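Visitor: Going down the list, the sequences are from chains A and B. Take the first sequence: its position 92, counting from 1, is numbered 92 in the numbering used here, and each next residue is one higher. Take the second sequence: its position 29, counting from 1, is numbered 29 in the numbering used here, and each next residue is one higher.
Hints are computed from structural coordinates only; laboratory data are not their basis. A portion of the hints provided could be inaccurate.
[To be verified] Interface residues of chain B toward chain A, partial, derived using beta-carbon atoms under 8 Å:
| id | residue |
| --- | --- |
| 1 | D35 |
| 2 | A56 |
| 3 | L61 |
| 4 | D62 |
[Said to hold, decoys possible] Here are some of the chain A residues that sit facing chain B, going by a computed Cβ distance under 10 Å:
| id | residue |
| --- | --- |
| 5 | N51 |
| 6 | D81 |
| 7 | G94 |
| 8 | K127 |
Treat the numbers as computed from the prediction; the structure is a model and nothing was measured. Just so it is clear, CB atoms sit at the ideal spot from N, CA and C, and this is done for glycine as well.
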Amino acid sequence: MPKQRSLLVILLVLLALAWFSGCTPERDAVRALGASKGTIEAEMGKHGECNPANGTVPATQICSLLGKAIAFQHTAVLALDAYCSSTDYLANHGQCLPPTDPAAKKELQTKLTVAVQDLAPIINNLKSVVNSTKTVSIKTVGGK
Amino acid sequence: MTLAAVIALLQWSLPLAEAALAAATKSKAPQEFLDALQGAVSGLQKVAGISEPTRAQVLALDIDPAAWGPAPAKS
Numbered sequence: 001m002p003k004q005r006s007l008l009v010i011l012l013v014l015l016a017l018a019w020f021s022g023c024t025p026e027r028d029a030v031r032a033l034g035a036s037k038g039t040i041e042a043e044m045g046k047h048g049e050c051n052p053a054n055g056t057v058p059a060t061q062i063c064s065l066l067g068k069a070i071a072f073q074h075t076a077v078l079a080l081d082a083y084c085s086s087t088d089y090l091a092n093h094g095q096c097l098p099p100t101d102p103a104a105k106k107e108l109q110t111k112l113t114v115a116v117q118d119l120a121p122i123i124n125n126l127k128s129v130v131n132s133t134k135t136v137s138i139k140t141v142g143g144k
Numbered sequence: 001m002t003l004a005a006v007i008a009l010l011q012w013s014l015p016l017a018e019a020a021l022a023a024a025t026k027s028k029a030p031q032e033f034l035d036a037l038q039g040a041v042s043g044l045q046k047v048a049g050i051s052e053p054t055r056a057q058v059l060a061l062d063i064d065p066a067a068w069g070p071a072p073a074k075s
């Protein structure tokens with residue numbers, strides 16, 4: 001029984017190491033940008049009034065945050081695209097491969113990290129505004 | 001249980017292979033050696049279920065600000 005337990009512990013340590021070693025800047029960015037895209041698109045669907053194509057955009061917090069979030073998402077995706085841009089990635093739609101030159105890699109990685117970090121607080125603000133709006137709506141409905 | 005352990009070991013060896021590839025590229029190793037290492041990294045990524053994103057996957061994350069809709073022209 002103790003032997004089985006120690007085997008399990010070793011396996012868990014290996015799995016943890018595997019989990020953390022599987023992280024690269026591009027994989028982290030893909031995860032973060034996938035989540036933020038989901039949040040942004042959900043709100044875009046609910047707030048058509050924030051779309052400039054539908055007329056004058058109201059000066060609401062949600063419209064301001066949505067506009068910012070879309071712009072920052074676009075910037076972060078461009079930074080990821082630049083970070084990955086090996087010849088095979090660009091020409092053959094191959095896998096992301098950062099530059100082999102350490103200086104170029106560091107520069108593009110910094111830009112990518114900054115772009116993803118800049119987006120995070122906007123998404124958090126967007127979520128908190130949406131949640132507070134929901135709470136107000138529920139209170140209003142409950143109060144009637 | 002066994003499969004999970006094998007996958008974990010493969011994932012664990014992946015960064016080592018990636019580091020070896022980076023070092024070999026930096027030291028300008030022979031092209032055949034680099035190709036073999038690149039093949040090993042790709043193989044490990046596929047087997048371990050980890051792969052770097054492709055350009056199509058990256059571009060799919062984009063939300064084009066222009067697609068949100070331009071402001072209507074003033075009359």
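Visitor: Taking the earlier hints as the rules, which of them does this structure contradict?
Guide: 1 and 8
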